[in-house]
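**Student:** For reference, the chains in residue letters:
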Amino acid sequence: EAGVTQSPTHLIKTRGQQVTLRCSPISGHTSVYWYQQALGLGLQFLLWYDEGEERNRGNFPPRFSGRQFPNYSSELNVNALELEDSALYLCASSRKNRGFILPGANVLTFGAGSRLTVL
Amino acid sequence: LAKTTQPISMDSYEGQEVNITCSHNNIATNDYITWYQQFPSQGPRFIIQGYKTKVTNEVASLFIPADRKSSTLSLPRVSLSDTAVYYCLVGEYSNYQLIWGAGTKLIIKP
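Residue numbers (this note's numbering), protein chains in the order written: chain A, 4 to 122; chain B, 680 to 789.
For the record, the hints were derived by calculation from the structure and aren't laboratory data.
Worth double-checking, as some hints may not be accurate.
Said to hold, decoys possible - Have a look at the derived ranges for each label pair, beta carbon to beta carbon: (1) A/Asn74 x B/Thr735: 35 to 43 Å; (2) B/Tyr730 x A/Glu85: 25 to 33 Å; (3) A/Thr120 x B/Thr735: 36 to 44 Å; (4) A/Leu86 x B/Pro719: 20 to 28 Å; (5) B/Lys731 x A/Glu87: 38 to 46 Å.
C-beta atoms are modelled at their ideal positions from N, C-alpha and C, and glycine is treated no differently.
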């Protein structure tokens, strides 16, 4: 079974540019989560999508946005990049438990991340 | 809203048992507790999950007391490869929030 795949693995941008990160969940997983992890720090929740709809959003400015497609893959867009956006962006997917979303009980499977460097 | 608190770092030696405790004082009745392991430049990986009492799998045990205000991840006979950051996670059923701890950096020495 293929794991969660993210692309690109590494990218370098300059301030003010825009970036799109992509995530393909495990087959059968309907939820996709996005996290930001600055170097040496913990996980900061960005967005949660399930079956094409945004279910929850973290405390980030509107220039962080995303979407989930009918095949459950997802994109994270960051506009007007700032230096502090440099981080590892992690995508995770999960399946429902017997058709239900049970926060925490639905195990998250993470991708290897996209390392964004903003100069 | 639950808040998870765990030690910033811990040291141990190969062959020892390591216990990492996470406090989650405001945990609700239906909330699950999960632990993840993360190596540098990788995504976190599921270790173990529990709801109450004790859960054991091939790599770890999870102890949850009756009041569920804390949980302890137990790693038996650690090796150098267990050096990683360990996160506890509380899934809040009431508002669909995932509350992550800040992570415990575990360093295993030879």
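**Student:** Now, for every hint given, state plainly whether the structure supports it.
**Tutor:** Quick rundown of the hints versus the structure:
Between A/Asn74 and B/Thr735 the beta carbon distance is about 37 Å. The supplied range of 35 to 43 Å therefore holds. About 41 Å separates the C-beta atoms of B/Tyr730 and A/Glu85, a value inconsistent with the hinted range of 25 to 33 Å. Taken as a hint, the range 36 to 44 Å holds for the pair A/Thr120 and B/Thr735, whose Cβ atoms sit roughly 41 Å apart. One distance hint, 20 to 28 Å for the beta-carbon pair A/Leu86 and B/Pro719, holds here, with the actual separation near 22 Å.
Checked against the hint of 38 to 46 Å, the pair B/Lys731 and A/Glu87 passes, with Cβ atoms roughly 40 Å apart.
Checked against the numbered hints listed earlier, the structure breaks hint 2 alone; every other hint is satisfied.
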